[in-house]
Structures are given as structure tokens and as C-alpha cells.
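K.L.:
Between the sequences and the hints, there should be enough to build the whole structure, so can you do that?
According to the numbering used here, the sequence shown is numbered sequentially starting from 329.
Heads up, a few of these hints could be off.
[As the list claims (entries may be wrong)] Below, computed lysine-lysine pairings styled on DSSO-like, alpha-carbon distance capped at 30 Å:
#, residue 1, residue 2
1, Lys541, Lys381
2, Lys381, Lys559
3, Lys559, Lys541
4, Lys499, Lys381
The hints are simulated quantities; they were obtained by calculation from the structure and are not laboratory data.
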Amino acid sequence: MSAQTVLFDAPGPKARMRHRILTGVGVLIALAIAYVIYLRFEEAGQLDSSMWKPFVTDPQVWTSYLIPGLRGTFTAAGISIVLAVIFGLLFGMGRLSPVGPVRWFCGVIVEFFRAVPVLLMMVFAYFGYFATSDLVPNVHAPLAAVVTALTLYNGAVIAELVRSGVHGLPKGQAEAGLAVGLTPGQVLRSIELPQALTAMLPALVGQLVVVLKDSALGYGITYLELLTWSKTLGSAYANTVPAYIVAGILFVTINYTLTRFAVYLEGRLKKRRARS
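P.N.:
Laid out in C-alpha cells, this is it:
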């Protein structure tokens, strides 16, 4: 008997009919809302063909707005990814330390930054950097705040991935290392951590999608990323809705590419493990 049949009863004919009815009603409601939104945009003239022409006829739309926005997004995401991986490895290993105070301290830090909303960390970091302008020049404060928040949150998530990856390994791995005379720290660094990193690589790549997507929260602290530049583009060409739609398409395309890369990487790792 499968776990699914134990935990959940299979729906009967009446339940399946009820599910179909509720699904149909939900689809109709969604279509009605989408139609109302479409009418409002149509009345405002935001869906006219003239609003979309600048994207194919005016190169400045890309060179002066969208490409700088993508550059800002990739800059914040790239720096945050590097720092978050370093943060995650250090605190993930700290959570696995045999020293109690170190393990406790790293656990508190990781759980705290996993619980705090990213936007809230950005706001606090932004005003904190402005209050200490000697540390970070005011012109770089938005970027520093975005990178700080993304690093702390995603680094905490990566630390938890490291911890769970090591705990997911067979106990015989650590026991074999201890049997040949290695210390617990050497077992962690030489045997467990390399295997855990290989196993968590697809999840790590998937976390890059979160970093890239959350960089758009820099909009709230005036960081010049894709969403901010899209707003400026909409104001300059009076096509706010098309500008946001194009920005959304760019975000979806980038994130989908990263997601497919994670799936491809996971498949390669499974084939390699199967061959070995």
C-alpha cells in the first residue's frame, strides 16, 4: 500500500465532480478579472501598438534603460551570490561544529536571518549605510544595502542546505573517517562536505533564482535595477504597462534559464552517481 493511499483517501465520483466544478468556477473568475484588467488598460491606451513600437524602433529604450537595468540586477545578484556562498559555507560548517558555543552561535545567526524579511533588511541596511557614510559612500549605499540583505538571507538558506546535506549522508562515511584516525573536523572538511556540496548543487543553483528575483526589491530603496529602470522607461515614453510587461518577460526568461540549468545539472549528477 502506497503512502499516498494511507495519508489521503482517493476522491470518489462526487468529489471529482465537485473538484471539476470548483476548478471551472476558479478559471471563470480568473478570466473575468483578467478581462476587467484588460479593459482598464485598453481604456487608458496602454495596449495600443504605438506603446510597443519604441521597443523595436528606438534603440535608446534598450541602451539607456533596459540594459542598464539588467546590468544593475546582474551586479547585485552576482556579488550577493559569491558572498552568500561564502557565508553559507562558513556558517553551515559552524552549525556542524563539535564545539557547542560555535554551533549555538551559528545556529542563532542562521535562524535569525532566515526569519527576517529581505526588504526589511534592505531598508535597515540602507539607512545604516547612510548614517555611516565613512564606511560606504552614499552613492553606493543602495547597492551595498541590496547586497547585504541578499547575502544574509540567502547565505542563511545555503548554510541550512549545507547542514541538511551533511546530515543526509550515510553515517558510515563519518565512521569510516574516524576509524582511520581523522578528527571530526577533518572528516567534515575532507569527506562529508565535498559529498554534501555535490548533492546540494541543484538546490544551490535553484537558490540563484531567488537571489536574482529578490534583487528587484532594491526598487524600494532606489537601487537602479531592472524594475526601477522600467519605471523610468514607462515615465519617459508614457508606456508604463508595456515597460513593466517587458521587464516581467525578461525576469521570467532569465529565471527560467537558471531553472532549466538546475534541472540539467541535477540530471547530470544523477547519471554520474548511477555510473559510479
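K.L.:
Between the alpha carbons of Lys559 and Lys541, is the straight-line distance 30 Å or under?
P.N.:
holds, 17 Å
K.L.:
Quickly compare the C-alpha distance for Lys499 and Lys381 to 30 Å and report which way the hint goes.
P.N.:
With a Cα-Cα distance of about 62 Å, the restraint between Lys499 and Lys381 is violated, given a limit of 30 Å.
K.L.:
Does Lys381 lie within 30 Å of Lys541 when you go C-alpha to C-alpha?
P.N.:
Measuring from Cα to Cα gives roughly 27 Å; hence the hint holds.
K.L.:
With a cut-off of 30 Å on the C-alpha distance, tell me whether Lys381 and Lys559 pass.
P.N.:
holds, 17 Å
Checked against the numbered hints given earlier, the structure breaks only hint 4 and satisfies all the rest.
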